[in-house]
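Letter by letter, the chains look like this.
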Amino acid sequence: MLVYIVKRILMTLLVLLMVVVFLTLLVHIVPGDPVTMILGPRATPSLIAQMRSAMDLDKPIYVQIGHFLWNILHGSLGMDAVTGVPIATLIGSALPHTMILAVSSLLLAVLIGVPIGMYSATHTDSLPDRILTIGSISLTTIPSYVAGLFLLLIFAVELHALPAMGLGNAGDTLDYIKHLILPSIALAITWIGYLGRLVRTSLLEVFNETYVRASRAAGISERLIRYRYALKNALIPTVAILGVGLGSLMGGAVFIEIIFTRPGMGLLIYNAIQTRNYPLVRAGVFVVAVLFVLANLLADLVYTYLDPRIQLNKRMA
Amino acid sequence: MRKNLWFLLSLLIVASMLIIGCAPQATATPAAAPAQGGATQAPAPTATQPPAPIAAGPKVLKVRIRGDITNLDTANVTGDVEDSIDRAVMEGLFRYDATGKLVPQLVDTYSVSPDGLTISFTLKKGVMWQGGYGELTMDDVKFSYERFLATNPKPAYADDFAALDHVEIVDQYTGKLVLKQPQATLWTTVLPMTSGLIVSKKFYDEAGPDKIKTDVIGTGPYVFASWTPKQEVVLKRNPDYWGPQPYYDEIDLIPVDDDKAAEVALKAGELDFSGFSSLTTEDDFQSDSDFTVDVVPADQYKWIGMNVNSPKLQDINVRQAIRYGIDVPSILAAAYNNKVQRANALIQPQGAVGFWQDAPVYNRDVAKAKDYLAKAGVTSLNLSLTYENTDEYNTWAQIIQQNLKDVGINVTLNPLDSSSFWALGEGGKDKTLELFELYYSSVVPDPAWSTQWFTCDQVDLWNWMRWCSKDFDTLHQQGLATTDPAQRAPIYVQMQQLWDAEADSVFVADQPQVYISKAGVKAVIYPGGMSPMLRDFSGQ
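Top to bottom, those sequences are chains R and E.
The first sequence: position 74 = 74 (my numbering), numbered continuously.
The second sequence: position 408 = 1408 (my numbering), numbered continuously.
Keep in mind that the hints were calculated from the coordinates and are not lab data.
Treat the hints loosely; a few may be bogus.
To be verified - Think about it this way: if two alpha-carbon atoms lie no more than 20 Å apart in a straight line, the pair counts; the simulated DMTMM-like pairs of lysine to aspartate or glutamate are:
| hint | chain 1 | residue 1 | chain 2 | residue 2 |
| --- | --- | --- | --- | --- |
| 1 | E | Lys-1236 | E | Asp-1257 |
| 2 | E | Lys-1202 | E | Glu-1135 |
| 3 | R | Lys-59 | E | Asp-1159 |
| 4 | E | Lys-1260 | R | Asp-172 |
| 5 | E | Lys-1518 | R | Glu-158 |
| 6 | E | Lys-1201 | E | Glu-1135 |
| 7 | E | Lys-1260 | E | Glu-1282 |
| 8 | E | Lys-1431 | E | Asp-1417 |
| 9 | E | Lys-1180 | E | Asp-1115 |
| 10 | R | Lys-232 | R | Glu-209 |
| 11 | E | Lys-1180 | E | Asp-1159 |
| 12 | E | Lys-1339 | E | Asp-1249 |
| 13 | E | Lys-1154 | R | Asp-58 |
| 14 | E | Lys-1059 | E | Glu-1282 |
| 15 | E | Lys-1429 | R | Asp-58 |
To be verified - To be clear about the criterion: a stretch of chain R counts as covered by chain E if any three or more of its residues have a C-beta under 8 Å from a C-beta of chain E, and this derived list gives those stretches:
| hint | segment |
| --- | --- |
| 16 | 83-97 |
| 17 | 257-265 |
Glycine included, every Cβ here is placed at the ideal spot set by N, Cα and C.
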């Protein structure tokens, strides 16, 4: 296990280095000049030079990468040249909201998707199963931004039942949760359908396993077989998917944050890209990449924990 | 196993909540947060108007801003978001009042010498800086204006005080602005606007160059209470304000980049006021009695430009062919549903100083356009049309492409995202342009704000037609130095005539701005129509 974790950490570092290099190169590939965007049409040559220097844009690529990595090693993400605020502060104020959105969506997807899959698997070919199957497939085809817009128009604009934008009043947890409901549902919708289908398929496969048939032959109650033995094994692939899912939900959160004007990482990076604020883009994507890789690592570890038969060292080999 | 799963998920949620709780508090603690123990001493009001009675109950106004703040420093301010905040918190010697009239603000008395080169004034006494930074004095005025003369780095708005020689301090409350030459814009776009706001020397010295980008104190009716990046800026009523108290106790400025998101937020009751650049928004709200729609004339001019240095466009006959080939009314119908007035020259809107009443109207005439092409000896022509990739400009492009095809000109469309498009304005990147769709705007309707981008020294920057006329430049300087509006007007008409003779542009529209307020909110917009005058907002 330890060897595996060390290997994964080394791979993670390599991936992150590649992300940093790619993002630094991006400034030379993508058209658009950050300084022009940031300072506006009245910028004087001396101001432009000052801003270029502050953003490291006047230095060779390897120096830019070196500075960034040096800052990382010293626990800093640098200073935002535009506002003069530490980048860590900007990310620190945005990241928790994105993580909460992603995790709450995942939880919602699990709470709704898993029971749907279980019900369908245990009532195969019944009318409710067919309805749930059609419903699950339909949900997987709805992009989160479409769901978000509909939810906004129905619950915020027409019914005035839930808030349309922002995070709510600072320090008011209930208000925060109210502001989280619509974005979470919008982000979870695709995953509800997907998990429903996945759990159904996994369960049906497990129902055909020898040990399930043997349990039935032994006279163990159907309820116990389904929910105690079969479900346990059927959920293993689901857990593996959830690890990747957390990363992809963080990516999907970009759209949702724009639609619901939630000041999370998606909106932060999106705005930074629009203004070509590359140091902020680089630091933001770097942090998201770290989380993505860690989420995958965590999923693999949980996978092993849930099923000791799986040996990570061998899988690595 | 299920227990383990639920335990892990619960752990994730709890961890996230802990992260929220432990996250760095990005909310800025500004220098002048109000009601924190009375560091600011209440001055004896010396204003001519007595404080207005304040209605009971907290009144909070939620206003949309089209992006977060980036630089509040008045010498380098980056956009209308910062303009609006600065003008609510800070004050200048003069201001535009709610009716758009120029009135004294921090000056008690003032006079202008006959040659226009010396403006003598006395400051109001007892005007206190927020945050305990003492009383406003001439030291602050001198610091505020002379820092525009700095050379390293030269501030973005240095040109606003190009005519300033120095600020002379007579005593604590009396001083003079001494000019090298008269400057008409001083009274229209400088002293009453953001560059003319007085900053606290003590605060600027203490805060340093980074802090002043996102923190501000002033002498105005609102205090910059907090800034949470990407979430909100909170302005609170300054309890010690020397003048009449503003109507709203608090103004929350919420960054909403997307117009559609702002529309939804208005309808959901989460915003009280928002500006929009698209006129389609007007249609959605016009019939709703819960909202008030203001369509405000603005100095935002839009045109199709031609790069006169491009080998394909050097011949004026080719440019004339294009001018006669494009059907502007079709663009107005398709892109604006005919709600926007056609522009025929640079300076807008009608009634502004320098508006060219008799500007020629070039209606589409395909036969004439073909004649011009023949005169140029051109049988086939391929041109690229570069523009910002939005619905509006895509619509323009489609029509232009079709129009010019009829004339015998093949147009390739080159839409660019906003950043890439505006990056053409640096280092001569516009050299490769042929045709382009462009729009600029002026903060307040001063003609010099419009003409400044088309002088010879703007080639390689914002003069994308790359047309350089010494006569135009001379007239621009003459217009700046002429303070009498009646004398200025013909100068700017003459400049537009010079431009028109070059046939390098097809003027399309002068677009008004749309402002939507929740019923009960009385909005006030600065002259020029581009930014709200937050300090003067009230209930209806």
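**Item:** Structure-inconsistent hints, enumerated in ascending order
**Value:** 1, 3, 4, 12 and 14
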